[in-house]
Amino acid sequence: KAGVTQTPRYLIKTRGQQVTLSCSPISGHRSVSWYQQTPGQGLQFLFEYFSETQRNKGNFPGRFSGRQFSNSRSEMNVSTLELGDSALYLCASRPFQFDQETQYFGPGTRLLVL
Amino acid sequence: QKEVEQNSGPLSVPEGAIASLNCTYSDRGSQSFFWYRQYSGKSPELIMSIYSNGDKEDGRFTAQLNKASQYVSLLIRDSQPSDSATYLCAVRGYGSARQLTFGSGTQLTVLP
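Residue numbers (my numbering), protein chains in the order written: chain B, 3 to 116; chain S, 274 to 385.
Any given hint could be a false lead.
Covered by chain S, per the in silico footprint, the following chain B stretches (three or more residues, Cβ under 8 Å) [said to hold, decoys possible]:
1) 14-25
2) 103-113
Okay, the calculated beta carbon distance ranges per label pair [what the hints assert, rightly or not]:
3) B:G42 <-> S:S293: 19 to 29 Å
4) B:I14 <-> S:N326: 39 to 49 Å
5) S:P287 <-> B:I14: 26 to 36 Å
To be clear, the hints were calculated from the coordinates, so they are not data collected in a lab. Each residue gets a CB set at the ideal place from its N, CA and C atoms; glycine is no exception.
Whenever a hint applies, use it, and build me the whole structure from the sequences.
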């Protein structure tokens, strides 16, 4: 099975711009979660989508949003970029079917905001 | 109190030694526990999952879970320089709808 894929892998933006990141889950996985990872804050949960609905949400401002499509692919959008948004953005997928199930990560998108 | 706490590290062990990584969690209803390894600049990869009290072994890795003490650990036997990475503990509460909560990670260095 192919793993979780994320595009693009690297991105450079300037303050005030917006950005959209894409994630394709493992085939058969219906849940997609997004995380932000920075050296100072570690791995922080942004949100989780299942069946095109946001199921869980972390403590991030409204500039961070996401959506999921009927094929389980997901996009994350950050509007009005700030320097502090520079980070590794990770997507992870899981079946969302069983109590005991594992979440698998994609390679990440590294975003640099200048 | 953070939901998932790991020993702060960094942790250094000599090659061939046992590395012990610890994690405590605050949600007594937590049911699923995971250890991920993350190399610098890479994404986390799953090493072990454990759901029941006791030990679970996979090669050189042993995960230990004690739900009464709300404690989960990872032992790495015969540590190798290639084990040098950050190890992340992750916990999920009861039910598949609950999100995964990560600790801040412990950086391990295995010295040749």
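Hints, one by one, checked against the model:
no. : hint                         : result
1   : 14-25                        : violated (count 0)
2   : 103-113                      : holds (count 8)
3   : B:G42 <-> S:S293: 19 to 29 Å : holds, 26 Å
4   : B:I14 <-> S:N326: 39 to 49 Å : holds, 48 Å
5   : S:P287 <-> B:I14: 26 to 36 Å : violated, 41 Å
The structure fails to meet hints 1, 5 from the earlier list, while all remaining hints are met.
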